[in-house]
Amino acid sequence: QKEVEQNSGPLSVPEGAIASLNCTYSDRGSQSFFWYRQYSGKSPELIMSIYSNGDKEDGRFTAQLNKASQYVSLLIRDSQPSDSATYLCAAFSAGGTSYGKLTFGQGTILTVHP
Amino acid sequence: DAGVIQSPRHEVTEMGQEVTLRCKPISGHNSLFWYRQTMMRGLELLIYFNNNVPIDDSGMPEDRFSAKMPNASFSTLKIQPSEPRDSAVYFCASSFWTSEFAGELFFGEGSRLTVL
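Protein sequences appear in the order of chains C and F. All residue numbers for the first sequence refer to this note's numbering, where the first residue is 7 and numbers rise by one. All residue numbers for the second sequence refer to this note's numbering, where the first residue is 10 and numbers rise by one.
These aren't lab readings, by the way, just hints derived from the structure by calculation. The model shown is predicted, which means the values in this text are computed figures rather than measured ones. Each hint should be verified, as a subset may be incorrect.
[Unchecked claim] Cut-off 30 Å, straight-line C-alpha distance, at most; resulting in silico cross-link-like pairs (DSSO-like, lysine-lysine): (1) F:K87 / C:K73; (2) F:K77 / C:K48; (3) C:K62 / C:K48; (4) F:K33 / F:K77; (5) F:K87 / F:K33; (6) C:K73 / C:K62; (7) F:K77 / C:K62.
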């Protein structure tokens with residue numbers, strides 16, 4: 007089992023729709039979670055971080071975390087063609103006395119069509 | 010700040026040659042990461058340093074790969090000898106991390122390596 011798994015995609019939604027991206031993680035010790043966006047041929051860039059259970063909203067983006075279910079999601083409202091990219095979920099596990107580890111999922115390719 | 014700076018952006022080499030990738034992290038960041046990205050395997054962590062000390066190199070594929078961070082502003086990833094299966098985009102990223110907190114990773118633009 008991969009440590010961080012994302013819905014395989016690719017995901018295609020029409021412009022204006024809600025895009026839902028999902029991620030599960032296996033390490034119950036994971037404390038911090040991140041969503042990165044990567045445009046084709048570019049490097050990943052952070053769009054959301056979430057540390058506690060519940061929802062976190064930032065503009066059209068909402069991250070949801072459920073630690074009991076080991077589940078993280080990203081909702082993109084009013085999807086735009088410019089949102090078309092690969093979305094990477096990442097989980098950070100603190101190391102306690104040693105430094106922690108950040109693990110990325112395989113990514114989900116999102117296409118928003120006009 | 011100029012962000013994380015990587016060089017070269019593109020490298021084409023022949024099997025068996027030595028490859029050296031370079032990275033300058035963002036000033037003030039204490040953690041530096043080397044990732045490799047391929048279509049098949051996604052984004053894989055190779056090694057990361059905290060305060061110039063290697064913390065986790067379990068992702069380094071084999072002895073052909075080595076990484077150094079001689080000071081806070083410079084790191085290298087070396088592959089010797091290179092093989093075609095090493096072809097990938099290699100990203101360097103930096104951040105401010107503690108044992109309990111992971112700050113945002115800032116990625117460089119990547120070095121695209123092709124080994125013929």
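These are the hints, each one checked on the structure:
no. : hint          : result
1   : F:K87 / C:K73 : violated (39 Å)
2   : F:K77 / C:K48 : holds (25 Å)
3   : C:K62 / C:K48 : holds (26 Å)
4   : F:K33 / F:K77 : holds (12 Å)
5   : F:K87 / F:K33 : holds (15 Å)
6   : C:K73 / C:K62 : holds (14 Å)
7   : F:K77 / C:K62 : violated (38 Å)
Comparing the model with each numbered hint stated earlier shows that hints 1 and 7 do not hold.
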